[in-house]
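*Asks:* Here's the letter readout for the chains.
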Amino acid sequence: MRGAAQAKWAACAVAVALAASACGGGGAGGAEGVVSSSWADPQNPLEPANTNEVQGGKVLDMLFRGLKRYDAKTGEAKDMVAEKIETKDAQNFTVTIKDGWAFSNGEKVTAKSFVDAWNYGAHLKNNQKNAPFFGQIEGYDEVHPETGQATADTLSGLKVTNDRTFTVKLTQKFSTWPETLGYAAFVPLPRAFFDDHDAWLSKPVGNGPYTVESYAKGSQLSMRKWDGYNGPDKAQNGGVDLKVYTDNNTAYTDLTAGNLDLVDDVPASQLKNVEADLGDRYINVPAGIIQTLAFPFYDERWGAEGLERVRTGLSRAIDRRQITDTIFQKTRTPAKDWTSPVLGKEGGFDDGLCGDACEFDPEEAKKLVEEGGGIPGGTLKISYNADTGSHKDWVDAVCNSINNALGKANSCVGNPIGTFADSRNQITQSKMTGPFRAGWQMDYPLIQNFLQPLYYTNASSNDGKWSSPEFDRLVDEANAESDVAKVIAKFQEAEKVVRDEMAAIPLWYQNGSAGYSERISNVALNPFSVPVYNEIKVS
Amino acid sequence: MGRYVIRRLLQMIPVFLGATLLIFLMVNVMGDPIEGLCGPRACDPATAGRLRAEFGLDKPVWQQYLTYMGNVFTGDFGTAFNGQEVTELMSTAFPVTFRLTVVAIVFEIVIGISLGVLTGLRRGRPVDTGVLLLTLVVISIPTFVTGLLLQLLLGVKWGVIKPAVSPDAPVDELLLPGLVLASVSLAYVTRLTRTSVAENSRADYVRTAVAKGLPRRRVISRHLLRNSLIPVVTFIGTDVGALMGGAIVTERIFNIHGVGYQLYQGIVRQSSQTVVGFVTVLVLVFLLANLIVDLLYAVLDPRIRYA
Chain A
1071 MRGAAQAKWA ACAVAVALAA SACGGGGAGG AEGVVSSSWA DPQNPLEPAN
1121 TNEVQGGKVL DMLFRGLKRY DAKTGEAKDM VAEKIETKDA QNFTVTIKDG
1171 WAFSNGEKVT AKSFVDAWNY GAHLKNNQKN APFFGQIEGY DEVHPETGQA
1221 TADTLSGLKV TNDRTFTVKL TQKFSTWPET LGYAAFVPLP RAFFDDHDAW
1271 LSKPVGNGPY TVESYAKGSQ LSMRKWDGYN GPDKAQNGGV DLKVYTDNNT
1321 AYTDLTAGNL DLVDDVPASQ LKNVEADLGD RYINVPAGII QTLAFPFYDE
1371 RWGAEGLERV RTGLSRAIDR RQITDTIFQK TRTPAKDWTS PVLGKEGGFD
1421 DGLCGDACEF DPEEAKKLVE EGGGIPGGTL KISYNADTGS HKDWVDAVCN
1471 SINNALGKAN SCVGNPIGTF ADSRNQITQS KMTGPFRAGW QMDYPLIQNF
1521 LQPLYYTNAS SNDGKWSSPE FDRLVDEANA ESDVAKVIAK FQEAEKVVRD
1571 EMAAIPLWYQ NGSAGYSERI SNVALNPFSV PVYNEIKVS
Chain B
11 MGRYVIRRLL QMIPVFLGAT LLIFLMVNVM GDPIEGLCGP RACDPATAGR
61 LRAEFGLDKP VWQQYLTYMG NVFTGDFGTA FNGQEVTELM STAFPVTFRL
111 TVVAIVFEIV IGISLGVLTG LRRGRPVDTG VLLLTLVVIS IPTFVTGLLL
161 QLLLGVKWGV IKPAVSPDAP VDELLLPGLV LASVSLAYVT RLTRTSVAEN
211 SRADYVRTAV AKGLPRRRVI SRHLLRNSLI PVVTFIGTDV GALMGGAIVT
261 ERIFNIHGVG YQLYQGIVRQ SSQTVVGFVT VLVLVFLLAN LIVDLLYAVL
311 DPRIRYA
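Heads up: the sequence lines are chains A and B, in that order. Okay, so the first sequence: first residue is 1071 according to my numbering, each after it adds one. Okay, so the second sequence: first residue is 11 according to my numbering, each after it adds one.
Take the hints with a grain of salt, since some may be wrong.
[Claimed, not checked] Pairwise CB distance ranges (calculated):
{"#": "1", "chain 1": "B", "residue 1": "20", "chain 2": "A", "residue 2": "1463", "range": "45 to 55 Å"}
{"#": "2", "chain 1": "A", "residue 1": "1286", "chain 2": "B", "residue 2": "83", "range": "27 to 37 Å"}
{"#": "3", "chain 1": "B", "residue 1": "101", "chain 2": "A", "residue 2": "1220", "range": "28 to 38 Å"}
Calculated from the structure, these hints are not laboratory results. We put the beta carbon where it would ideally sit given N, CA and C, even for glycine.
All chains should be modelled from the sequences, with the hints used to inform the complete structure.
*Replies:* The structure is reproduced here in structure tokens:
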């Protein structure tokens, strides 16, 4: 009776399949007024001071409101929870928060909510990856020493004066410090975060327009509009379902099939079709991201005197326009300075700053490289991580452009590194022997953020270890200024030092791209290329 | 039989230890993963040091391996970089991939063996040639092409299925991904069965069975198929492990949050705990599947005896 048994088995399988389809359906359609959006699994646990990438930041942006918030269009830092932030000397600040703010669990947002959160974020024992953001506050060295154990539990520069005010003392003058407070690391935290950390992580509670309804790690985070939210930017939709996709191509396919409302990362391979597929439901706007080629100044061959001519020559050998048009389908804009267009003219963006040094001119490029003594080692090896993004494509194109300009077939080759982590290792251990891909996504829309962390001596992201006393001096002076226009002018002066030395070759500004379904409207990307979720309307 | 099983189970121990050690070393060669966690910004040295200590990355490799194995025997597979226990990841990923594998295997068995028997009994006829050609086409097209094409046609153009599988991954949504995953193996099963059936159909015992006047159905299922299935069962058995581990491409295309997805994430983020943990379980699955195959031989052909 074996045959019969087999038939029975097959029948069972079919029955199971049918039964599953009967009960499995119906779960996918979104609830009323809820936007479904693509998401990738955040790399770190969802803690404000531990989230340093876009995916986790997206969630924090919906769940939390900090002292300041960056305007979705202009990028300007506007008071949110803060009523006023005052200073007389650009070093001691008094923060007063508005009355009436609360966390979605009912707890009031007080000065203590901020101070506790910041102390937690700064403390070494909590392993928070954004801890350096609190580095300007006095006492950071004690709670977060570079080696050894912390000698204090709280930042001495933070003092709660009453329920609604606290004071901050910085270690040095930093006039635009209040403008940095829109960054997610600075949001307040409720007591629940400290009392039951695990429970909070599995269902975060914040003070923003949304609350977490359910969080299935690795697959879906469902947020719903919080009716008790009193802020000025109430959610215009019923909620947002963030769905984790294994691949952004699949997310895009799901969007075109009508199963998803919003994709905030249109895959490069689909850029050719996106106009035809979505028409005006495709967004492609500049974001606060710049790609550059950094140099290992710790390598004596690259750090040598007079090599700025070679670096400038290389910059002039790159046909940025052609690469951004063909490889990136116009989702990048050729760079004309070291900041980003999202800052605007008033914010310090200057499309004339790089000038000739960023203009493609093969003859001039060849001349400059020869005058500078040629490429150190004879061959330019551009390192990039090969695991994510389509870095190989543009590195090859850049090399091609350089080879053509210099008239030698092998002047430039790509040097792939297996993983992002490995490339970061080689960079942080100063093992690079040639230029390498560097990208910078701003933390806050300030010209300071595009220059100081990247080019100040020993700054956190100065991967090439470039150092210029003059640049450092100008940055210090800029931070000590209190007049905004003067601050920006000083920073631009400092940026000119970067240009003259060609500390890094600016390549292009990156755009944020998104596509959405006919079901939703009023979709926009903010300067961080994150959708402004609370303003999306569902029809 | 019992002794054979015990001996086989004991043999698994060195294989298991060796495989995990190899994986452990391989992941380790990729270098220090901590820097990648901080994104384009360098980790501050103090935090990086603490993270290294937390994940045990500051110790020599052999010590890391010993600690790891010690923990594994108590059921602790460590913590992934996003703060989730690896066992938690496994508990969500393995059931999904298991379902996908079962769907694929059922397709292999039902379609593969039926087509194999059909063509094996009709060698040289148009049906045979047709199926042979078809399997050749299937074998030569890479899975991701079949997957993306079917996804586009059925999911977007005709709207028959959803292009992406939902997080719960119910069986009905896994039918198409399962078929795609099974496609290449399915073609092999068809060809294996065909050859085997064709060969055995001329065997003496089949002729005897036919001469005894047994009904054709019974001759095929009891006599012919039973013997012909031995190589096929071997193939399908080893395929269980291969399908579970090799589902990376299919899972990526259809947005299935299974083992392939977690492994991919683990590799990209260099999360050694995730990678070693998942591969360890996959090694076990592979070993068990092989054992079951060996035991099935005795059921299919009583002449095979185990000492």
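*Asks:* Give a verdict on every hint.
*Replies:* Status of the hints after comparison with the structure:
no. : hint                         : result
1   : 20(B) / 1463(A): 45 to 55 Å  : holds (52 Å)
2   : 1286(A) / 83(B): 27 to 37 Å  : holds (29 Å)
3   : 101(B) / 1220(A): 28 to 38 Å : holds (36 Å)
Hint compliance for this structure: every hint is met.
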